[in-house]
Structure formats: structure tokens, C-alpha cells
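Enquirer: Chains A and B supply the protein sequences, listed in that same order.
Residue numbering for the first sequence is 340 to 496, as defined by our numbering.
Residue numbering for the second sequence is 255 to 824, as defined by our numbering.
Just so you know, these hints were derived from the structure itself, not from any lab.
Incorrect hints may have been included.
Dumping the calculated DSSO-like pairs for lysine-lysine here, alpha-carbon to alpha-carbon at most 30 angstroms [what the hints assert, rightly or not]:
hint, chain 1, residue 1, chain 2, residue 2
1, B, Lys298, A, Lys496
2, A, Lys487, B, Lys711
3, B, Lys636, A, Lys488
4, A, Lys392, B, Lys523
5, A, Lys457, B, Lys711
6, A, Lys457, B, Lys732
7, A, Lys388, B, Lys590
8, A, Lys392, B, Lys732
9, A, Lys487, B, Lys298
10, B, Lys300, A, Lys488
11, A, Lys496, B, Lys300
12, B, Lys662, A, Lys457
If you want the building blocks of each chain, they are given just below.
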Amino acid sequence: MPENSNLLEKIKHSLESQEQPTVTILSSLLAIQDNLHYLPKEGIAETAKFCGKSTNEVWSVASFYTNFRFTPPGENVLDVCWGPTCHLLGAQDIIDDIQKSLELQGEGESKDGKITLKYNTCLGACAQAPCIAIDHHIHGRQDINSAKKIINTIRNK
Amino acid sequence: MTEVFEKIKAKALEDWYKLNSNKWVRVGGGTSGQAMGSYEIFNKAKNILDKNFSDVNISLVSAIGLMYLEPIVDITLPDGTRTYYGNVDSTEIENILNFHLSKNKPLLDRVFAGNDKAAKLWDIQNINDMPNISRQIKIATRNFGDTDPLSIDHYIARGGYSALSSAIFEKTPEFIVDEVKNSGLRGRGGAAFPAGVKWSFLAPSKEPVKYVLCNCEEGDPGAFNDKGIIENDPHTLVEGLILNGYATNSSNGYIFIRQGHEIPINAAKKAISDAYEKGLLGKNILGSNFSFDMEVSLTGDSYVAGEETALMEAIEGKRSTPRYKPPFPAAQGLWKKPTNINNVKTLSYVPEIIRKGSDWFKSIGTETTSGTAIVCLSGHIKFPGMYEIPMGMTIREVLEDVGGGIFKGKSIKVLQAGGPLNGLLGEEAFDTMIDFDAMSAAGASIGSGGIIVGNEKTNIVDLLRNLIAFNQFESCGKCFPCRLGNTHMLEILDRMCQKKSNPNDLDLIQRIGSSMKSGSLCGHGQLGYNPILSAMKYFREEIESAVNGKINLTGANRDGKMILPTRTRP
Numbered sequence: 340m341p342e343n344s345n346l347l348e349k350i351k352h353s354l355e356s357q358e359q360p361t362v363t364i365l366s367s368l369l370a371i372q373d374n375l376h377y378l379p380k381e382g383i384a385e386t387a388k389f390c391g392k393s394t395n396e397v398w399s400v401a402s403f404y405t406n407f408r409f410t411p412p413g414e415n416v417l418d419v420c421w422g423p424t425c426h427l428l429g430a431q432d433i434i435d436d437i438q439k440s441l442e443l444q445g446e447g448e449s450k451d452g453k454i455t456l457k458y459n460t461c462l463g464a465c466a467q468a469p470c471i472a473i474d475h476h477i478h479g480r481q482d483i484n485s486a487k488k489i490i491n492t493i494r495n496k
Numbered sequence: 255m256t257e258v259f260e261k262i263k264a265k266a267l268e269d270w271y272k273l274n275s276n277k278w279v280r281v282g283g284g285t286s287g288q289a290m291g292s293y294e295i296f297n298k299a300k301n302i303l304d305k306n307f308s309d310v311n312i313s314l315v316s317a318i319g320l321m322y323l324e325p326i327v328d329i330t331l332p333d334g335t336r337t338y339y340g341n342v343d344s345t346e347i348e349n350i351l352n353f354h355l356s357k358n359k360p361l362l363d364r365v366f367a368g369n370d371k372a373a374k375l376w377d378i379q380n381i382n383d384m385p386n387i388s389r390q391i392k393i394a395t396r397n398f399g400d401t402d403p404l405s406i407d408h409y410i411a412r413g414g415y416s417a418l419s420s421a422i423f424e425k426t427p428e429f430i431v432d433e434v435k436n437s438g439l440r441g442r443g444g445a446a447f448p449a450g451v452k453w454s455f456l457a458p459s460k461e462p463v464k465y466v467l468c469n470c471e472e473g474d475p476g477a478f479n480d481k482g483i484i485e486n487d488p489h490t491l492v493e494g495l496i497l498n499g500y501a502t503n504s505s506n507g508y509i510f511i512r513q514g515h516e517i518p519i520n521a522a523k524k525a526i527s528d529a530y531e532k533g534l535l536g537k538n539i540l541g542s543n544f545s546f547d548m549e550v551s552l553t554g555d556s557y558v559a560g561e562e563t564a565l566m567e568a569i570e571g572k573r574s575t576p577r578y579k580p581p582f583p584a585a586q587g588l589w590k591k592p593t594n595i596n597n598v599k600t601l602s603y604v605p606e607i608i609r610k611g612s613d614w615f616k617s618i619g620t621e622t623t624s625g626t627a628i629v630c631l632s633g634h635i636k637f638p639g640m641y642e643i644p645m646g647m648t649i650r651e652v653l654e655d656v657g658g659g660i661f662k663g664k665s666i667k668v669l670q671a672g673g674p675l676n677g678l679l680g681e682e683a684f685d686t687m688i689d690f691d692a693m694s695a696a697g698a699s700i701g702s703g704g705i706i707v708g709n710e711k712t713n714i715v716d717l718l719r720n721l722i723a724f725n726q727f728e729s730c731g732k733c734f735p736c737r738l739g740n741t742h743m744l745e746i747l748d749r750m751c752q753k754k755s756n757p758n759d760l761d762l763i764q765r766i767g768s769s770m771k772s773g774s775l776c777g778h779g780q781l782g783y784n785p786i787l788s789a790m791k792y793f794r795e796e797i798e799s800a801v802n803g804k805i806n807l808t809g810a811n812r813d814g815k816m817i818l819p820t821r822t823r824p
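Just chain A, same shape as in the assembly (with noise of 0.2 angstroms):
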């Protein structure tokens, strides 16, 4: 299947492409992530293959890391800040408001494909809370309606 071979192309590329002079299995998953933004299931035997270990070594490594995924995300990826600065300021609200309008429970795809909300501990620019990211951009400063907006304008591309 010309699919498959092109992905696999692609891992072994990230794979190889490693620039920093120590790889691990994490940092080779770390590689895959970032140039597919999941870890297909090749992506996990291609890693054993290349760091000579088992596919049980490498599942576990995987399955620790919370910022793995194993399925395509959406075309956008939107990270709410749920940490307490943030949810003092009223993070909670705007999590509630994000999930009606993206039609969702909990953290997924919106039906539409394009985004996937993802809750995360801390962002890091928690002098600017509430915050949201979209592809690791992050908004500052954010209430409903100003995050509203800014997913409106992803789904309206």
C-alpha cells in the first residue's frame, strides 16, 4: 500500500533525522510526534527496531507520557490551561463553554475534525491567565468570548 510505505517512510525519516547526540526511545517518539503529531503503531515497532528494544519497552515509554497520542489529532490542536491560576481566574468556565460549542464531554475531536481539545496542567504564561494554546501558541488573557472567537476563526479557515 503506497499509504503505509509513505508513513513508514516518514518515521523512519524522523527517526534518523534526530539531531541531538543522544537518542533514546523517548527522544525517537518524541521525533515521530512531532513530524505526525501521533505515534501510529508502526511508529512503536520502527522505534524498537531502531533503538534495539523490544516493542514492550518501547509501549511502555509511550503509554507514560501523557503528551502521546496514538490516533491523528484534529487539524488544530487547542490546550486549555486547567491549573490553578488559571482556574481562580476562571478557567473553568471557559473549559465548559469550549466543550458545548465543540459539542464535546471531555477532551477529543470536534466533529468537524478541526480541533482537538486537549486540557493541560500549566502553560506556562500564567502572569497572562486564563490561557488556551493553539498549536502551542499561546492566548493570554482569555474569557469566553475572546476564546470563542479565536476557535471560530480556526473552524471558519
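Fit chain B to the supplied structure of chain A, relying on the hints for placement.
Expert: Chain B alone, transformed into the frame defined by chain A:
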């Protein structure tokens, strides 16, 4: 010899003076700046300058720490005036630049402060008189707001790497260890262990491969000073880590950062590669006999990866769960080699300690905790930001003088200091000194330096639930008292919020907390009960009435439920 470095420095200084004697526009960057749109402002300003003022320099510089004023733009003129604009909007930047650069004076109704010269000339607020600037003593953050973090030359022009150069040519490794010991520098990662003493455990080992690690996992919600230092002045950390390597005769250094934080990650990578290019890293540094390599190691999302032995597991590419100790890292750490590990802030002080001497550093701060604390203020506070204040300042001074007091509300009811494994403090404790020992006596900790402020409407049980939910979510799962204990504590707090509490819940939570303390390998389990324990000291009545079904929640969780990730690590 030091001549190699003197040559590099002379060139950097020449460029720096040139930059300062022309018109220079600086836009504050960093993660917090990005969150307020400062990158858009920078790009727009750059386009305007390219079009109208091609002889004017522009730099995306480090954040000055006054985050409530971001995006911040400042303009230096050849007459020596420097004027600051705050909360700059992308619609007004063109007007500001056109006016200021063509008339050679600031748009006065938009500036918030100026340097001495500008303040005098135009009768505006002197930036050095603003309490949240004047109360600071900037050591690790000395370049904040002034230099481009991605420019090694800026760093060198401001005195950077001269400590390293003088150390490797004029001082012995033992001298550096003794200086750090004498300075009284204590670890800023939370444990407050004397850094020089830690280094002296590693130094004697004759192993050819030894590691010095820098911990920037910084998963603590409410803390952003580690990433803050890396993204705003990465070279102070890189220089500190090289000095750490020299002092302990180590071969390799790692800067350990969580994936996804692109701004600090890219700054660290760029700093390392520039240092290699200048001969400040690699084989025979500056022509000396000392060789040292450094790289960035990225981790996945895991809070426990910030624990020292778990961090080593993560660098080795495994699940970041803590190891049994002993063996201690100085004997057997990363890849079973002797290893030292320090927090970003700890290492970032070292270049200035070596440059100015340990006695100078010791003269700042308190008897038991020398130096400064880099605090991150957030929550219901007027001036949220990152401030480097001398140890010994009271919490109240930090909140009132530096933070400007309450924002959105009548009074400050509660502080969460030092991350979710540390305590809550009530008003009675606000006269506590910021110092490792005084804070821990009050039931909290400086920890990571995060201070989250809650106003009078803050519901303590709801805040505790948020903190314990974090601890539950982040438990690595290795020790069952931590894995299950946090889950149970979260269930109990959830019941309290939903007015379904059982009468013996407080007793139960206490028993769980004490089992976690005695039955967990690392601080995550050992300290996980701290928020509740300290809250019982300051807010017992409120917690007890929640057990009795009296609790008032507002907002989306008005039915008492909280939107939370549901996950336990397998």
C-alpha cells in the same frame, strides 16, 4: 589564555556600544509576551522600520518581568533616553514609532516610564522608582529587558562568560567549589540543599565520564521562572552549567526541558550552538585543557520527571519514575555514572557569584538563605509577573509593594506558594519572611517560586481539589500509596464540593496523607498531603463546614463538579 576571550569580548562590546548609541527599538518577547501578542507587535514594528526608518535597529529582547504591562516596547535614542510603552496594541504601534522616531521624543500619554534621563527630560515616571523594579535585586535576571536572549554577543558585552574565562585560566576547580560553598547558595528547586556541598560530592570522583544536569522540567503550575530564565537569558544558565562542569571535572552537561515549550527550548538550543561556535563549549574550551559538551534533552509530559532520579530515567529514554536511593546520583546517576543535578535558577546565579565573589552574594538575603528569590506572581494580584527579590522580604511586601495588592476583589485571602506539593497560606502568615526556613516553618515553601494569589471569594476546598487533582493526574504510579492515595483524596474533596461528604472524611484524608508520606519513594507522594495539611492550619473552619455540607461554589462548577482529566498512569 584569556586573550582569546578578550578578543571575543572586545568585538561584542564594540557592537553593543554601536547599538546603544543609535536609535534602538526593543520589544519584550518570551512566553508571557507571546501570550499577549508581542511577536505580532515585533513583526509589525520590524516592517514599519524597514519601510520608514531603515537605519533604526530593532530587537526582540527578553521580558523585563512586568508581565501585566505586556506587550512592552521601548525606544532608546542617541541622546541616551530610553522610554517604555506598555500594553501596546498592534493598531497603535505604527503611530508610536512614527512619532517617537521622527520627533525624537516619546508619545507622552502612552509611556509608562523612562530611564533616569528620559524621566528628567519629559517629567515621566522613572522606571527605577517603580516599586516593583526598585525592590528587586537582579542577579540571575540581570539582563532581563535589555538583551536579545538569542544573541551571545549581547550576553558577552554585558559581562557574560568572563567568569568562565577567568575560572578556567586562573582558578582551580576546587576554588570554584569553595566559592559556591562559601556563597551559601542553596538549591532553588525546592529542597534548598547547599549547592557547593552537592558539587563537592561529585568533584572527587576520577571517572572519565561524569554528568552535570540542569533541571528545567518545571511542571509546577504557577511557576514560570525556570523557563523564564532560559527563554530570557539562556547563556547565564549555559555559563553556570559549564562552570558546574569545570568545578566538578565533569565531561557532559544536559539541559532537561519538557517538550512543547518551544520558546525556551529553541533559546537553549541556540545558546548551546553559539557557545560551541565561540569555543566556549566542546574540546579544549578557549584553548584550555578543559573540554565539556552540552545538549538539550527533551522529556514528554510528566511532572515526576522533575524528581532527580526520575529525570535521569527520562534522559535515558525510559518512564520517568524515581529510583531507590542509595546509590545517590553523585555515586551512580545517569547511565550509572557520577552525576550532579541542579535547578535552572541555582545554576544561573553561579556566573555572577564567580565574577563578583561569594562574599558579595552572601551579603544579599538572610543569614540562612543567601541571595534572591525569583518569584512568579499570578492570580488575583494587580501586577502579575516575574520578580527577583532579596531573600528576607516579607510575603506582605511582595504582595503589596511588588505585586501592587489585590486585583478583582477586596482582599487577599489565600496564597498557594511553591507548587501543588506545597502549602496554602492564610492572612496570618503574610508577615513571614521569604527564606527557606521561615517559609517551611509557616507550612509552605518557596519551592519553585510560584505564588498564586486568591481573593476573598476563593473557595479553599475547591482550590485544594484543583491541586490534588493535579497531584493525582501526575502521580507516576510507581508507589501505590501515592497513586491510590491521591485518587482517594481527590474523591473526598470532590464529595465535599458536591455536598456529599461523610462525617469522618477529614480523619480519612489525614490517614491517607500520612500513609503517602511514609510509603512513597519521592516527594510527589511524600508531600502530596501538604496543601491540605497547611489549609487545615489556616482555613479549618471553612473545610469543616464543607464536610458538614456547607459550601458555596460559583461558575461552571456550580453543581460542585469540576472539569478534569480522568487518568491514572498505567
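Enquirer: Determine for every hint whether it applies to the structure shown.
Expert: Verification of the supplied hints:
The suggested pairing of lysine 298 of chain B with lysine 496 of chain A holds, with an alpha-carbon distance near 22 angstroms, which does not exceed 30 angstroms. Our distance criterion of 30 angstroms between C-alpha atoms is met by lysine 487 of chain A and lysine 711 of chain B, whose separation comes to about 26 angstroms. Under the criterion of a C-alpha separation no larger than 30 angstroms, the hint pairing lysine 636 of chain B with lysine 488 of chain A is consistent with the structure, at around 26 angstroms. Between lysine 392 of chain A and lysine 523 of chain B the CA atoms are separated by roughly 28 angstroms; this keeps the pair inside 30 angstroms, and the hint holds.
For the hint pairing lysine 457 of chain A with lysine 711 of chain B, the CA-to-CA distance comes to about 28 angstroms; that is within 30 angstroms, so the pair holds. Pair hint lysine 457 of chain A plus lysine 732 of chain B holds up; C-alpha atoms about 25 angstroms apart against a cutoff of 30 angstroms. The suggested pairing of lysine 388 of chain A with lysine 590 of chain B holds, with an alpha-carbon distance near 24 angstroms, which does not exceed 30 angstroms. As the CA atoms of lysine 392 of chain A and lysine 732 of chain B are separated by approximately 22 angstroms, the hinted pair is consistent with the 30 angstroms bound.
For the hint pairing lysine 487 of chain A with lysine 298 of chain B, the CA-to-CA distance comes to about 25 angstroms; that is within 30 angstroms, so the pair holds. The suggested pairing of lysine 300 of chain B with lysine 488 of chain A holds, with an alpha-carbon distance near 27 angstroms, which does not exceed 30 angstroms. This hinted pair checks out: lysine 496 of chain A and lysine 300 of chain B have alpha carbons roughly 27 angstroms apart, not beyond 30 angstroms. Only pairs whose Cα atoms come within 30 angstroms are accepted, and lysine 662 of chain B paired with lysine 457 of chain A is accepted, the gap being roughly 28 angstroms.
Consistency note: the structure conflicts with none of the earlier hints.
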